[in-house]
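Undergrad: The primary structure of each chain is shown beneath.
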Amino acid sequence: MTKGTPTSRSILIVEDEQFLAEAYHTILTAKGYRTDVAHDGVRALEILRQNAPQLILLDMRMPNLDGLGFLHELQKMTLDTKVIVLSNHSNRQEIDDAYKLGAQRYLVKAWTSPSELARVVAEALM
Amino acid sequence: MKHSNSPSPYLTPSHLANVFGVFLLGISLTFALLAIVQDIDDNNVRQHLYSESIRLEASFQKRLTIYEEIMRGIAAIRLVDADNTISQDSWDAYVGSTNVLERIRSLTHIGYAQRYNTDQIRQLSQDDPASPLMQLLSNQARTEFAPIVLTNGAQTGDPLAIKGFDLLQDPTLRVAMDSARDSGTPSMTHSTFIPRGVNNPSNEPELVYFMPIFDTPQPPASTAERRQHIDGYVYVSIFPHTIMDRVVANQEIESDTRVNIFDGTRTNGEVELYASSREPSNGPSVSTTIAFGNLSWRLNVATKNPDIYRTGWSYIVITVGAMCTVLAAILIHTTLRYRKRQSALDQHAKLQVIRDELMSLASHQLRTPASGVKQYLGMLLEGFAGDLSPQQRELIEKADTINNRQIEIVDQILLATDVGGAKLRAVMKEEDIARLVAEVVDEQRLAHKTHHTLAYVAPRDQVLAFIDRDYIKVALENIIGNAYKYTPDRGTIDVSVSHSGSSVTVTITDSGVGIEPGDQDRLFEKFSRIPNELSIKAGGSGIGLYVVKELVESLHDGTVTVSSAGGNTGSTFTLTLPLHRSASPKKVVQ
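So the protein lines, in turn, are chains L and X. Numbering of the first sequence is given in the working numbering, commencing with residue 7 and proceeding in unit increments. Numbering of the second sequence is given in the working numbering, commencing with residue 22 and proceeding in unit increments.
There's no promise every hint is true.
[As the list claims (entries may be wrong)] Listed below are the simulated SDA-like cross-link pairs for lysine to any residue, each with C-alpha atoms no more than 25 Å apart in a straight line:
| hint | chain 1 | residue 1 | chain 2 | residue 2 |
| --- | --- | --- | --- | --- |
| 1 | X | Lys83 | X | Thr213 |
| 2 | L | Lys88 | L | Arg98 |
| 3 | X | Lys450 | L | Lys88 |
| 4 | L | Lys82 | L | Glu100 |
| 5 | X | Lys184 | X | Gly117 |
| 6 | X | Lys444 | L | Lys88 |
| 7 | X | Lys470 | L | Thr118 |
| 8 | L | Lys37 | X | Ala459 |
| 9 | X | Lys494 | X | Gly539 |
| 10 | X | Lys444 | L | Arg98 |
| 11 | X | Lys450 | L | Arg111 |
| 12 | L | Lys37 | X | Ser335 |
| 13 | X | Lys494 | X | Thr526 |
| 14 | L | Lys37 | X | Glu418 |
| 15 | X | Lys570 | X | Val462 |
| 16 | X | Lys325 | X | Gly314 |
| 17 | X | Lys494 | L | Thr118 |
[As the list claims (entries may be wrong)] Derived Cβ-Cβ restraints for the label pairs, each shown as a range:
| hint | chain 1 | residue 1 | chain 2 | residue 2 | range |
| --- | --- | --- | --- | --- | --- |
| 18 | L | Ile53 | X | Pro411 | 42 to 48 Å |
| 19 | X | Glu418 | L | Ile53 | 36 to 42 Å |
| 20 | X | Ile417 | L | Arg125 | 19 to 25 Å |
Just so you know, these hints were derived from the structure itself, not from any lab. Ideal Cβ placement from N, Cα and C applies to all residues, glycine included.
Generate coordinates for the entire structure from the input sequences, incorporating the hints supplied.
TA: Right, dumping it as structure tokens:
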């Protein structure tokens with residue numbers, strides 16, 4: 007696997023709930039980011055192989071390949087892409103696992119407003 | 022939380038049938054074993070009785086031998102007396118010197134009968150016309166006679182003691198006498214009743230034993246010769262009961278042995294010669310046949326006390342069997358109840374797990390649409406769709422507030438589910454609890470846009486406690502949040518932190534509606550809500566304080582208490598946490 011250079015200000019939204027993916031897309035494009043959307047981990051990996059983004063917003067519970075499985079695969083790809091986990095499960099074990107697999111932040115969707123999401127994304131990409 | 026349909030602690034009919042079946046099986050086995058043991062015991066008794074019958078037979082044979090010796094002694098007199106007869110003097114000397122009747126108590130008579138035919142009597146009567154033998158000739162049906170010529174008897178009027186009494190006139194005596202004559206050996210009558218009138222009131226069966234005396238030095242060889250040379254008979258009479266009396270008196274058998282003697286050689290059926298008791302036997306008996314002279318007697322031997330000869334194992338079997346049966350039934354009953362209870366508990370636990378998982382799943386699922394609502398309302402409030410009019414903003418903010426409350430409720434339910442299912446993983450570290458309380462106070466002031474006065478008195482120094490920061494923060498947020506909810510606007514909420522050597526105490530006192538003393542016991546129960554005006558307005562899940570209690574007490578070994586006089590006098594919640602690492606293990610993730 008070669009090291010990929012992420013596209014600047016590009017964000018891959020990995021979220022199986024359509025309305026949430028659209029909300030994040032609207033919020034982030036309003037802040038000037040370019041976004042792609044994948045509804046499961048498998049599709050997300052396909053997109054990554056073609057064009058590595060700078061940041062991934064990753065849901066944990068998805069069909070085909072869930073968030074932790076995706077993070078395992080992402081580690082093998084040795085990309086410079088950062089990951090922010092956006093999940094509605096605030097399980098400590100899951101949070102620890104995500105951080106161990108390279109996530110920079112873990113946000114609970116229900117507690118995160120649009121402005122807070124934009125702020126966290128901006129901090130991660132600094 | 023109590024469940025309305027708890028499993029019944031009582032066994033089902035099939036379980037009870039199993040218990041009853043075990044009980045019946047135990048009883049059956051006990052009785053089966055008892056039957057075996059009793060059979061063994063009865064064999065022991067029979068063995069004893071068989072020994073007794075052997076001893077009894079030996080006693081009879083001993084006496085028979087004595088009778089024969091006595092009769093032979095008398096017969097021997099004849100050999101030494103002149104004229105080959107037994108004189109009265111010789112008789113008296115023998116009987117007197119031997120004291121036979123005194124020594125042999127079972128003998129009631131001893132005598133000698135002389136056999137005559139009619140020619141002999143006529144010859145004698147010529148010599149002595151007044152001889153009483155002449156009376157015998159009046160019986161013209163017979164040609165032979167055997168009058169008693171010598172006797173020692175006990176009773177007046179007793180035929181066997183009357184000189185001149187013709188023994189051959191009695192058919193029973195005659196049979197024995199003829200048998201003795203023909204065989205040349207002693208012969209005994211069957212049991213017979215010799216009438217003695219008032220002198221034998223019991224009228225017991227009697228035996229008369231005859232020894233033939235021949236007029237030759239040696240007994241003749243053939244029956245014909247014996248008939249020709251029969252001279253007379255020595256006889257003794259015996260009562261079977263007197264034999265048995267002597268046997269018992271001499272302790273020749275056990276005193277508790279019961280004996281029935283039957284003469285079995287009669288042609289018209291058995292005749293009972295002797296019975297030691299008329300009471301029915303309550304145990305086994307043994308019947309044996311003994312030869313008494315020419316007779317064949319049946320002895321039936323029993324014992325009055327069969328239990329003495331039993332091993333006693335039957336009592337042990339009954340006792341042990343009954344105990345084992347009862348114990349087995351109790352054990353089965355207890356086991357079945359335990360298994361039923363365990364099964365019910367397992368099922369309850371499984372249902373609890375399923376319920377918790379369903380609640381968790383449902384709650385997580387509820388968070389998703391709430392998250393979507395939060396994003397879209399947030400975008401509206403943040404101007405993604407352009408500026409909002411004040412009215413639009415107010416309405417959207419209300420919607421946002423309501424959505425946040427929903428999220429808060431779901432969070433509470435999720436936390437309560439994790440707490441109840443012991444799924445929490447505490448990350449304990451030393452934290453400055455005074456600073457944590459200050460942080461929560463500041464956040465609550467910002468979150469509640471009300472006119473409450475929230476005051477916090479913190480210690481000057483750090484107060485380091487060994488806690489899970491996030492969970493204690495949740496507990497503090499719950500209690501201070503409740504203080505806001507249940508205190509009217511412009512009321513006061515005072516928070517303070519104090520510590521002693523081993524613990525830290527956080528006290529939250531409000532000037533709110535208070536809690537009636539009767540309601541305080543259930544305040545920390547799951548889904549408990551105390552109805553009042555403010556609780557209805559505030560809403561809520563009723564599990565916040567349950568979560569606080571579990572987080573503080575189960576996770577941190579602390580305590581949380583409430584005091585209030587009710588009636589709008591406010592409430593004081595007190596959290597106490599140990600300052601140092603607790604010795605007891607915390608709940609871990611399953």
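Undergrad: State for each hint whether it applies.
TA: Going through the hints against the structure:
1. X/Lys83 x X/Thr213: 22 Å, holds
2. L/Lys88 x L/Arg98: 21 Å, holds
3. X/Lys450 x L/Lys88: Not satisfied, since the Cα-Cα distance of roughly 29 Å exceeds 25 Å.
4. L/Lys82 x L/Glu100: Given pair lysine 82 of chain L, glutamate 100 of chain L holds - Cα atoms ~20 Å apart, limit 25 Å.
5. X/Lys184 x X/Gly117: Holds, at roughly 18 Å.
6. X/Lys444 x L/Lys88: 30 Å, violated
7. X/Lys470 x L/Thr118: Since the Cα atoms of lysine 470 of chain X and threonine 118 of chain L sit roughly 20 Å apart, the hinted pair holds (cutoff 25 Å).
8. L/Lys37 x X/Ala459: 35 Å, violated
9. X/Lys494 x X/Gly539: Status violated; Cα separation ~29 Å.
10. X/Lys444 x L/Arg98: Since the Cα atoms of lysine 444 of chain X and arginine 98 of chain L sit roughly 10 Å apart, the hinted pair holds (cutoff 25 Å).
11. X/Lys450 x L/Arg111: 21 Å, holds
12. L/Lys37 x X/Ser335: Violated, at about 100 Å.
13. X/Lys494 x X/Thr526: Holds. Lysine 494 of chain X to threonine 526 of chain X sits at ~14 Å (cutoff 25 Å).
14. L/Lys37 x X/Glu418: It holds: about 23 Å lies between the C-alpha atoms, which stays within 25 Å.
15. X/Lys570 x X/Val462: Distance ~20 Å between lysine 570 of chain X and valine 462 of chain X Cα, so the pair holds.
16. X/Lys325 x X/Gly314: With Cα atoms ~29 Å apart, lysine 325 of chain X and glycine 314 of chain X exceed 25 Å; violated.
17. X/Lys494 x L/Thr118: 19 Å, holds
18. L/Ile53 x X/Pro411: 42 to 48 Å: At roughly 43 Å between Cβ atoms, proline 411 of chain X and isoleucine 53 of chain L fall inside 42 to 48 Å, so the hint holds.
19. X/Glu418 x L/Ile53: 36 to 42 Å: 37 Å, holds
20. X/Ile417 x L/Arg125: 19 to 25 Å: With a Cβ separation near 21 Å, isoleucine 417 of chain X and arginine 125 of chain L satisfy 19 to 25 Å, so the hint holds.
Checked against the numbered hints above, the structure violates hints 3, 6, 8, 9, 12 and 16; every other hint is satisfied.
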